[in-house]
Amino acid sequence: MTHATPETGSHLHLDRLTKAYGAQTVLSGIELTIPSGHFTAIVGRSGCGKSTLLRLLSGLETSNGGDIRVGGTPLRGVNQQARIMFQDGRLLPWKTVLDNVGLGLRGDWRPRGLEVLRHVGLQERAHDWIARLSGGQRQRVALAKALITRPRLMLLDEPLGALDALTRIEMQSLIESLWLEQGFTTILVTHDVEEAVTLADRILVLEEGRIARDFANDLPRPRRRGDPGFAHLTARVLESILLRNRPSEAPPQASGVPDGHAREASADSGMAALSH
Amino acid sequence: MVRGFSSGRRGRLKRTLVPWLVPALLLAFWQVSSMLGWIPTRILPAPTAIALAGLQLARSGELWTHLSVSAARAGGGFLIGASLGLFFGVLNGLLRRAELLLDSSFQMLRNIPPLAMIPLVILWFGIGEEARVFLVSLGVFFPVYLNTFNGIRSIDPGLLEMGRVYGLSNWKIITDIVLPGAMPSILVGVRFSLGIAWIILIVGEQIAANSGIGYLAMNAREFMQTDIIVFSILLYALLGKFSDALARKLEFRLLPWHPNFQRLSKEFRARPALS
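Residue numbers (this note's numbering), protein chains in the order written: chain E, 515 to 790; chain U, 791 to 1065.
Incorrect hints may appear among the rest.
Said to hold, decoys possible - Straight-line distance between alpha carbons at most 20 Å, and here's what the computed EDC-like set of lysine to aspartate or glutamate pairs gives:
1) E/Lys609 - E/Glu575
2) E/Lys609 - U/Asp946
3) E/Lys609 - U/Glu1041
4) U/Lys962 - E/Asp622
5) E/Lys609 - E/Glu629
6) U/Lys1031 - U/Glu1041
7) E/Lys609 - E/Asp581
8) E/Lys609 - U/Glu951
9) E/Lys609 - U/Asp1034
10) U/Lys962 - E/Asp613
Everything labelled a hint here was simulated from the structure, so no lab data went into it.
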């Protein structure tokens, strides 16, 4: 387990990072520096490469060109500083909540496991089976499981995508408070522009494997959906995603695009509903 | 929680009794038909006559000898066949190379009915124990092998990937993710193969044996003892039911986390709170 130092978050530097599957280029020449402890959101349509970027950062996949430096050293194999949290939680149904949290740990991790579960508000469910938890509770367990090793880099791959709107808002504030408290560098991949504006210091719009736009977000925390600044930034980010692709939308759409379009559009209308 | 049945004592009583309703009615009908002479005794003796025959066999001790011989054959054959099936299922499930090497051979062998091997097996082993144990093992091997293999292959790849990100060793991935994930499927194979073990044994014992329940039935045929024949047949039904119940017990014990078993099991919680 790593010790908490003044600089607990990973510093990331991506240099001309490229990834292709066969002839299809998913990421082309990504240049990006993420300072320690920053909260960055990556938004974009389905298939824009945002999940691939996250998988490269976790070391689950290797790039075809360029490199990733974590705190100055090039990444090889699985990123030891990072924990990734998936949309589907990926918990083991044959283990209890607590045993899921401590998966793969050695030594006396149980007290720490209970403490982390208390952090996410699930201490009293520690000995339940996963099948008995709701979707939101499962994601809390996934979060606790990511937190127990005190990661320096937290990679969130649409972690709240499958949750209902109210649970999502609850989980957002939980993630925000844990991030403020523990200072890990966080990268959030999401379809939900409002979620990105709520949580991130910086919002990157990914498009066809490139960073198309880079928004800084210095709205004061905690952020409220109704605030003019919030609504303004959300609209700008949405616009940059929606407008840029207009010309290519005229012919029959490629697979994957309509889904992303619909989701972002619904995020838009959701924002409208909340801000009026 | 369980639809259609109230929980509590009365519900449990109902759950135990209802499955026996149809057999009990059939039995009553059979008994009455025999007593009225609708069914000749030579064709099918009355249930009471069969029970009496069974009682006599039990008293003389003959029943227990044959029963234990048959159970040993079924159990031994099952253990050998299931262990081999589990071993090769895990091996081929985990290693593509092993699958490439072995799977198509297994698939070819699978399509030979074990009972078709009887003449050859008798030539190989004579009519000793080996012949029957071999046949049972052969019949048991394939369901266990196939279900283990499929169980391992159908594990959510996301879980395996998660294991890698969380730094699990290969051994840990096998013991904590692969085997428990494949367990429901493995147990289906076990349950299925227990049934097959008995079926093969019946035929094996009737064709070439001098002990066991199948022998008991064949021997009774020589003397036209229909009651003993029917009793032997019923014995197989009971043994099959018994081993199936055993397999279900095993499922409850090994799959406490599974939603299918949770709703029936009293203990939802895996283990007592930390001490």
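Hint numbers contradicted by this structure: When the structure is compared with the hints, numbers 1, 7, 9 turn out to be violated.
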